[in-house]
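Work out the full structure, taking the sequences as your base and the hints as a guide.
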Amino acid sequence: MSLAPDSGLIQQFGPHAAYSTGARLQTGVEPDKLVDTHCCFCGQQCGIRLKIKDNEVIGFEPREDFPFNQGMLCPKGVKRYLQGSHPDRLLSAYQRDPREGFRPIAYDEAISRVASEITRIQSAFGNDAFAVLTGASLTNEKAYLMGKFARVCLKTANIDYNGRLCMVSAAAGNKKAFGIDRAANPWSDILKAEVVWISGANIAECAPITTNYVWQAREQGAKIIVVDPRITPIARTCDLFLPIKPGRDVALFNGILHLMIENDWLDHRFIDEQTIGFEGVADHVKEWTPRRTAEVTGITERAIRQAAEWWGIAKSSFLLHARGIEHHSHGVQNVLGAINIVLASGRIGRENCGYATITGQGNGQGGREHGQKCDQLPGARDVSNPEHRAYVAKVWGIDPDEIPKAGVDAYEIFRKIYRGEIRGLLSICFNQKVSLPDNNFVTRALEKLEFFVAIDFFLSETAHHADIVLPGSLQEEDEGTTTQIEGRVIKINKAVDSPGDAREDWRVIQDIAGRLGREHGFEFTSSREIFDELRVASRGGIADYSGITYEKIDSQYGVCWPCRSEDDPGTPRLFEPGSWNPIAAGAGPFYFPDGKARFNVASYSPPTEDVDEEYPIILTTGRVVSQYLSGTQTRRIGPLVDQYPEPRVEMHPRLAEKLGIIDGDLTTVSSRRGSLTLRAMVVTTIRPDTIFIPYHWAGRQSANQLTISAQDPISKIPEYKVCAVRVRKETMNDE
Amino acid sequence: MPITANMEFFIDATRCIGCQACAQACSECDTHKGHSMIHLEYLDRAHSVQSAPVVCMHCDSPTCAEVCPADAIKRTDDGVVQTARKPRCIACNNCVLACPFGVPKMKTEFKLMMKCDMCYDRTSAGKRPMCATVCPSQALFYGTREQIEEMRPRSAGINQFKFGEQIITTKVNMMKPRTGEAKYVDVTAAMKEQASGKNITLNILDSVFE
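In order, the protein sequence lines correspond to chains A and B.
So for the first sequence, our numbering puts the first residue at -8; every next one is plus one.
So for the second sequence, our numbering puts the first residue at 4; every next one is plus one.
No lab work stands behind these hints, which were simulated from the structure alone.
It should be emphasised that the depicted structure is a prediction, and the values quoted were computed from it without experimental measurement.
Certain hints may be false.
What the hints assert, rightly or not - Think about it this way: if two alpha-carbon atoms lie no more than 27 Å apart in a straight line, the pair counts; the simulated DSSO-like pairs of lysine-lysine are:
(1) K108(B) <-> K36(B)
(2) K24(A) <-> K130(B)
(3) K130(B) <-> K44(A)
(4) K110(B) <-> K36(B)
(5) K179(B) <-> K214(A)
(6) K306(A) <-> K587(A)
(7) K146(A) <-> K439(A)
(8) K396(A) <-> K166(A)
(9) K485(A) <-> K130(B)
(10) K186(B) <-> K174(B)
(11) K77(B) <-> K130(B)
(12) K179(B) <-> K183(A)
(13) K146(A) <-> K485(A)
(14) K44(A) <-> K24(A)
(15) K130(B) <-> K89(B)
(16) K485(A) <-> K36(B)
(17) K77(B) <-> K36(B)
(18) K36(B) <-> K44(A)
(19) K24(A) <-> K36(B)
(20) K167(A) <-> K587(A)
(21) K146(A) <-> K396(A)
(22) K587(A) <-> K166(A)
(23) K385(A) <-> K166(A)
Written as structure tokens, this is what we have:
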């Protein structure tokens, strides 16, 4: 079905930039109540106190009592309240109308239409012909319910989530090395580390609160090593900056390990007693001499040697990484390379000795644990493991054989849609048209769907393609839990009621299940009831939440999983000597039967699409501090829009000069998949062979028109951080 | 209630990440909702991501008040220089031009000079100012001198600034290396000085490609 013109949809549904008016702008307004909760953006989940007046969030107070952020917030957190009472808010269900775009319909009628289309598609083409796509900004309760809904109600194997674009390389690497996928340490362990190593993490813009942890470590004398193709704000004053060529991180880690071995900067006792696989890795990194490492990474040999020495001789350390090393077709190898230098140092599982990936999405941690991933069941269980299937089937009251086998990843779902193997789609909390790579292909796939239902609070660009849009809930309209960056389960509290026909997402899902005549197992009356079932479903799994209660979260300011009983306070730091886990059962602190961590050979391969004569420049993408993910929320918040109104092409003056471009020029960037025209931002803070474009915008401003859909073979994460482009000054239509 | 005497404001621009949380939060302050009183700018974005937040320094003898022909700018007994008083302010802009730190803002829509008052409604009630509370890098810090000395052993606050022949003493402190002997920051002299100290320089990236 063809779309109504975008301009009409934008007029009707936005994004419009909202500013403070009315009670939000008046002084001296007494709020009806204050609600202690958390920011809806990013994996740090900072504590925040919302001010409520007449069922509207009118502002905030810093929540200084919450230990993680102690009142600190980034600009997104400060202005997050403006997403409520927004003119673009979906207040009813909508049905697509070929002429008018969308017209409101009765909620009940919409649910009936969804149920009948699911039934029609599944009876004609099989259960797997209907897919479910979800998101890691959903609470644990909703994430759990979505996994259960897909498997039990729709009986489809095809469910996956947008964490596929975010955390999966780290998750896969962590599982291979440690047998568990969670930040190994609480952030407090950063504070007294002697060396803080930051690879591919624009902390100041993507995890702003973490900045203060890094600066506090520096106050205590820590050396800060930053590896990035751009001089980000966290890199500006670091002790050692390694300006790596995008896509070469594993080469650097191998080169560092080579020097650690050469200089015997190793913890032999730890390696011997607590790990296996060191010899194979040591053999593999022999070829990664400083010279070769320098050639591949574009970092000077001297800087590599300096980094290895600081890392090698440190008594305590914390290694942090994020999407910069993970968004690659060899993202898992990069992560394994990072973990190898941690294991070789023996600095893990102790105070001030840590390792973590910086989770990106609001519930990036919890959202990847409870079964909305195509190969996973609650408690971080494996859908292909018979024991795991049997346990979860018992909780769900079904036969283990009824649980579908593993499905395919989110991008593969689009390939299947394109090939006609998947005919129907339900999407929630996932704006694929902005966030997936090579999104011109995504658009073509969306147009092939026979039926598409989106649950959303604003009409996202992806929902423009929906046949039915159901009005769901904003974070502040529901209660539940999320699991933040440290593996700490925290409580989101309801502040306001959903407006109009909108309602909590889990109610929408249950209404669909009910209309399908499969309400059994979908009759929860509160988020708490869902959480209580999640606790049971996760019991005995690696991500064990069974001992966590809403009350314990409140009294402890969060509970780090695993938490196996009501008197268990939780586990802030993993892998402590003598610690118990269900896999090792006392054999050691790591989550393998022998209790030992694994070294894994991390092999280097260049990016899938390297530069050539035709496309000679590297494009890398990422975030800016004032926007969040696909911008569905933050492109609607006026003060955040004003802070960085449109994406720019960041490039080095040396490149700009060669291309005849000056700061502010309209510049066209083309890849083999698409092209876009944006204004140039000429700065010396980026490698001259690389350009950077932030990805939060839609349509012709979308960076993902250019990116490549190459994926890591293990994690299936797309290679957002490297593709080949050409750049020219745009001479047409310049104002 | 006056501001507790031992509570002080400290600025450390080396920590600033330019995120604008301070400016965005400032516009949430009850006394000037919708208007930020903070200046946060990149020093030279073409060559660095360095940014510097500027709040009112709250001078002991505020130049803004001294040059005000309408006597509209008042300093409280606890040392906070306030926004101009609406009935008196004639929007002449003298204060905006005279302030050595460039702090006051002329709000032409209100015909009123407005400026940072260190969140007097909050600080006089024992709370921290909005900007220093939210600042994710704690480039803006509000607390006691003992607290900051313990948390930041390598730096210390300085609150004297020299502009030409004039030395200004302020309520707000700027952080400097603790080892330095300087009694004041010579601002006019520093304007011509090359940046020194630990900073990732621009040439690092260049040298990779030489």
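Comparing the hints with the structure gives:
1. Taking the CA atoms of K108(B) and K36(B), the gap is near 15 Å; set against the 27 Å cutoff, the hint holds.
2. Pair hint K24(A) plus K130(B) holds up; C-alpha atoms about 19 Å apart against a cutoff of 27 Å.
3. Pair hint K130(B) plus K44(A) holds up; C-alpha atoms about 22 Å apart against a cutoff of 27 Å.
4. A threshold of 27 Å between alpha carbons decides the hint, and for K110(B) with K36(B) the separation of about 13 Å falls inside it, so the pair holds.
5. With a C-alpha separation of about 19 Å, the suggested pairing of K179(B) with K214(A) holds against the 27 Å cut-off.
6. For a cut-off of 27 Å, the pair hint linking K306(A) to K587(A) stands: about 22 Å separates their Cα positions.
7. With a C-alpha separation of about 22 Å, the suggested pairing of K146(A) with K439(A) holds against the 27 Å cut-off.
8. Between K396(A) and K166(A), the direct Cα distance comes to roughly 20 Å. Compliance with the 27 Å bound is thereby established for this hinted pair.
9. Of the pairs offered as hints, the one joining K485(A) and K130(B) holds, with about 26 Å between alpha carbons and a cut-off of 27 Å not exceeded.
10. Between K186(B) and K174(B), the direct Cα distance comes to roughly 15 Å. Compliance with the 27 Å bound is thereby established for this hinted pair.
11. Restraint check for K77(B) and K130(B): the C-alpha separation of about 22 Å stays at or below 27 Å, so the hint holds.
12. Of the supplied pair hints, the one linking K179(B) and K183(A) holds, its CA atoms being roughly 22 Å apart against a limit of 27 Å.
13. For a cut-off of 27 Å, the pair hint linking K146(A) to K485(A) is broken: about 31 Å separates their Cα positions.
14. Using a Cα cut-off of 27 Å, the hinted pair K44(A) and K24(A) holds, with the two alpha carbons roughly 7 Å apart.
15. A threshold of 27 Å between alpha carbons decides the hint, and for K130(B) with K89(B) the separation of about 26 Å falls inside it, so the pair holds.
16. A C-alpha spacing of about 26 Å is found between K485(A) and K36(B), which places the hinted pair at or below 27 Å, so the restraint holds.
17. With a CA separation close to 21 Å, the supplied pair K77(B) and K36(B) stays within the 27 Å bound.
18. Restraint check for K36(B) and K44(A): satisfied, since their Cα atoms lie roughly 17 Å apart, inside the 27 Å limit.
19. Restraint check for K24(A) and K36(B): satisfied, since their Cα atoms lie roughly 20 Å apart, inside the 27 Å limit.
20. Of the pairs offered as hints, the one joining K167(A) and K587(A) holds, with about 11 Å between alpha carbons and a cut-off of 27 Å not exceeded.
21. Using a Cα cut-off of 27 Å, the hinted pair K146(A) and K396(A) holds, with the two alpha carbons roughly 10 Å apart.
22. For the given pair, K587(A) sits about 12 Å from K166(A) by alpha-carbon distance, which is consistent with the 27 Å threshold.
23. Restraint check for K385(A) and K166(A): the C-alpha separation of about 26 Å stays at or below 27 Å, so the hint holds.
In this structure, the one hint that does not hold is number 13.
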